[in-house]
Each structure stands twice: as C-alpha cells, then as structure tokens.
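**Student:** Residues per chain, in single letters:
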Amino acid sequence: MSLYPDSRLNGEGLRLSYGDRNIVENLSVGFPDGKVTVIVGANACGKSTALRAFSRLMKPEGGVVTLDGKSIADHPSKEVAKTLGLLPQSPTAPEGLSVRDLVARGRHPHQSWWKQWSEEDKIAVDAALEATGMTDLADRDVDELSGGQRQRAWIAMAVAQETDLLLLDEPTTYLDIAHQLDVLDLVARLNRQSGRTIVMVLHDLNLAIRYADHIVAMRGGKLIVEGPPKEIITREFLAEVFGVAGEVVMDPIMGHPVVLPHSTIAR
Amino acid sequence: MRLKPRASVVVAILVAALLLVAVITLALSVGDRATNPVDLVRALAGLGEENVVYAVREVRLPRVVIAVVVGAAFGIAGGISQGVLRNPLASPDVLGVSAGASVAAVGVMAIGALGGPIGLVPIPVATLIGGFGAAALIAALGFGAGFRGRSLLLVGIALSTALTGITQYLLTRMDVAGAQSAASWLTGSLNARGWGDTLPVLIGAAVIVPIVLMLGHSARALIFEEDLTTNWGIRGSVVRVTLLVCSVALAAIATSAAGPVGFVALVSGQLARRAARVADIPPILSGIVGALIVLVADTLARTVFPVQLPVGVLTAIVGAPYLLYLLQRPRRGRGAL
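In order, the protein sequence lines correspond to chains D and E.
Here this note's numbering is used: the first sequence runs in plain steps of one and ends on residue 267.
Here this note's numbering is used: the second sequence runs in plain steps of one and ends on residue 604.
These are computed hints drawn from the structure, not numbers from a lab.
Hints are supplied without guarantee of correctness; some may be wrong.
Derived coverage of chain D by chain E (criterion: at least 3 residues anywhere in the stretch with Cβ under 8 Å from a Cβ of chain E; other residues may be distant) [unchecked claim]:
(1) 83 to 95
(2) 101 to 112
(3) 246 to 254
Between beta-carbon pairs, the in silico distance windows are [said to hold, decoys possible]:
(4) 508(E) x 19(D): 32 to 40 Å
(5) 77(D) x 286(E): 38 to 46 Å
(6) 144(D) x 407(E): 36 to 44 Å
(7) 439(E) x 146(D): 58 to 66 Å
(8) 448(E) x 17(D): 53 to 61 Å
(9) 312(E) x 144(D): 52 to 60 Å
Note that the structure is predicted; figures quoted are calculated from it, not measured.
All C-beta atoms, glycine included, are put in the ideal place defined by N, C-alpha and C.
Please model the entire structure based on the sequences and the hints provided.
**Tutor:** See the structure below:
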C-alpha cells in the first residue's frame, strides 16, 4: 500500500509497460494533498511513464490509479480534465498562436461545442495571465518568446484549466539556471497561494530538494524511497538511487540539503 | 476592454462574406454584355428584356452558384485535412484524393464509351468511390507511420503521381472527342455546368458541414500534441478520422461537379488562418475563401480572355507558386501550420 493511500491521487500496485517492455513494476504511491511532490530518478527509471499513468494517458497493465477514491478510468474524461491538469515535457505551439489564445485553450474542458466562451472563461484566463506574470506579453506570439517566457505561458494555460491537481513533466527542460528558478518559484507560488497539489518530474536533484515537500525516488521502475527531502537525502540515497558517490551538505542560507556528486559508482 | 479570443475569426468571416456578396454581384453583371445593377435586380426577378433575363438567370446564375458551392467545398475540405494532419501541404489535391476521384471519373468516361453497364455509373458516385478509394489506400499505406505527419504526405504524393499516370493512360485509349472532353474536365472547368451538377454538392455539404461544425471545438485543440488533448478529454483519433472522412467526401463531391480544380483546397485554409490571425484553420472562413477564389478565377476565365478558359488553369497560375513557396520555406518548430 502507498504511504498516503487517502490522497486524492493515488496508485496501488501499478505495472506499466510499452508493448512487452516493462517500465514500472508494482509501484504504490500517493501524492500528499496540497503539497509539492517531485519524482526523481536516473534516466529511464520510469518516472515520466509513471506520470503518464497518473494523468490517465496510459492504462496500467496491473494495479489502479484512483482519483478521489475512484479509479481514474471510471471518471468521465471531462471531469478528470477539470480536476487534474497536465503539462507535458517541452510542448510545442503552432506558429501564430498568441499567448492569450494559448492560455484560453486551457479552458477547453470547461467548454463544449454549444457553450464556447463565457465570462467565467475570461476571468480564469485573465487570472492565469496575472498569476504567471504574462499579462504584458499576452498579445505576443508564443513562438516569439524566450524559453523561460514560453514555459510560463504554458504554465498559465495549465493554470487557466483551474484544476486542483497539476502534473508537470520536467518543466525546466532546456532552460538556463535563472529561468529554472523562475519557473519553479512560479510553481511553488501556485501551490502556496491556491493550495493546488503539484506533482512534477525533475531532472536536477538539487532543485528537486529545494522545491519539494515530498520526494519520490525511483530506480529501475521501482519506488526506492519517499519522504521529505531533509529526511531522505543522504549519501546512501545518492548511491542507491543514482549510483553516484558524493557528499550531502547543508545549504547554510536556504536550510536544505545540497548534493555534491563526486563520481559514479561502478556496478 | 478586449474582444474575446475568437472575435478575429468572426470579423474575418463577416468581411469575407461581404466581399463574396460583392463578387457575386459583379459576376452576375459581367458577360458578353454587361448588365447594370438595376437591370440585374429586375432580371433576377424575371423582369425586363428577355435576353437579359436569360443571360442572368439561365447562364450566369447557375455558373456563379456552382463556383461558390464547389469553391466552398474544396476550401473546407482542404482546411480540415491540413488542420487534422498538422501540415499546410496536406490538402486533398496534394494527398491524392482528387487524383483518385479523377481516375475513377475518367475511367467511367473511357470504359463507358465502349458501352456496357460501367458507363451508367453517375460521375458523382464514381468520384466518391475514387476519392475514398485513394484515401483508404493512403491510410493503409501510411498506417505504419502512425497515421499522421510527413510520411502520410509522401505516401499521398506518390499515390497521386501513380493515379495521374493511370488517368493519362486512360486518355490515350479514348477517341479524340472523348479524350478532349475528359481532359477539359480534368483541368477543372465550370463550362456548361448546371443545377444538376450543383445539387449533389449542395446535398453533400448540407450533411457534412454540420458535422464539421459540431466537431469544431475539439478540432481546434488538435493543434496541440496528443498528450494535452487526451488530458482535456478529447478522443483524438475519433475526431481525426471523422474529420478526414468529411474532408475526403467534400473534396470528392466537389470534384464530381467541377473536375479537380487545382490548388483551391491547398490555398484556402492557409489564407483563412492568416486572415483571422489564429493558429487553427476556421472551416467556415476557409469555405468562404475557397468560394471567393473559384468565383473570381471563373469570372476572369470566362470574361477577360478571348476564349473561355477552364477555371483550373487560373487557380493553378495562382496556386502553383504558392505550393513552391510552402515547399521551400523554413519551418519554425514542429506542428507549424
């Protein structure tokens, strides 16, 4: 059973595979409500695949993902879309799409072919632009923006979807360090201001430690350890999860652990 | 106060519709003898000089109507397939649907000339079968490639070339008169077309366009990758296949009425998207743009040249350079329309 079986988004005994290639085996994990959870692990450890299963993009071969206590597959898809938002890794926008139009597309699950644009949609879009600091850039085309601005625009789209849970797959890919901090500060703010539950996959372990309330570490398709960064980040964690020898020190200013990788461990 | 996000589409539709009304009026007025606006209105009501009434109601009106209807059908068909396949080249004429419809129609003409039951197949039916046959072949051959993207387009272009070869062969087997009329049909021509050719297109459009509009909300989201649209609760493959069937049917029926008028399907959606300044292709607007293109081209084809040209010649003169432009321009990012 998962550590947080009562959380709104929970998985029990998940087995995930592409064709006959097993990616994730017997994964039981729940994401604490109202917190920021970061899934970490080496390349190909199954973290992005797990995120796909939790966002209903992939059907588990075994086990079940539950949303609000009911199998996510049994919810009407529109209802899921109003509860759980997803930002895929490096999404692309077609030429000529303005930021405002992109953000307005996040309202899709709230609309239908006979009810296309309401006052509520307008309020949600304006609020999302405001929350992400994109109001001044709203009329620019997405493909003209810098990498960091573009990622903020996509997050604004996900914000406009107004979901209680937001899943992000490597939201900092291709960004320089300042823009990585910028994007993750924004995500953290979304969590604090509105109590949204955030689940994200991150590559950079030190950023994961800094922004996560809860870390889920995977290796070889299995859950290795989960818990608050301060409790679980140790030399042993580095060796076991990433196969890296190094030191863990305390950041004297930010007050959280920092990983100093020294070498890979032959295995 | 800002307009709502789709306001630019509504404005563009209104402007294009007004323009279409103006061009229709002009097209009804020009011919061997120009008709002034007062006489035009009177002639439409059946009043006035007999030969003017005849020219307006019996000669020009059917031709204007068929140009508008066929142009709209090609425009909508092209806009849909380009949007669904996320590629500005992916219109029915480039993909081989028009070539499939053509080979079936010319086949019926060629074999029908020899006598026998095949000659009894109506051309609209033949073009539908040919268009869907070609589409099914493209889908089957492109299926391994994931049913979208560039490989599907390459399959379509290859198939189109092969089918055109067969059509050419059929032409060589026909007698001179038959080959000449088939060749003129193949260029795309509205000469001597009447209400009987228009009606099947109108009926087809009346069935298909409402389906396209109902799927519009989901279709607009297809500009994004599947992970996002699935998260939004859209059944992407159902929407895609339904829309592609609609596109093929519209293109095939339009081809039956006017022949494969080239490049209209290719150009209309792109012009519509740019005019409305949106990232997707609005179907109604691309229909109006298609109607405008065919009507302007046909009106020029029948008035400014010493001989009546097939409308397809004029659309090709405009469309071919545009196709070259699309082929050579650098692409910004994946999924750029």
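**Student:** Which earlier hints turn out false for this structure, listed by number in ascending order?
**Tutor:** The structure conflicts with hints 3 and 4, although it agrees with all the remaining ones.
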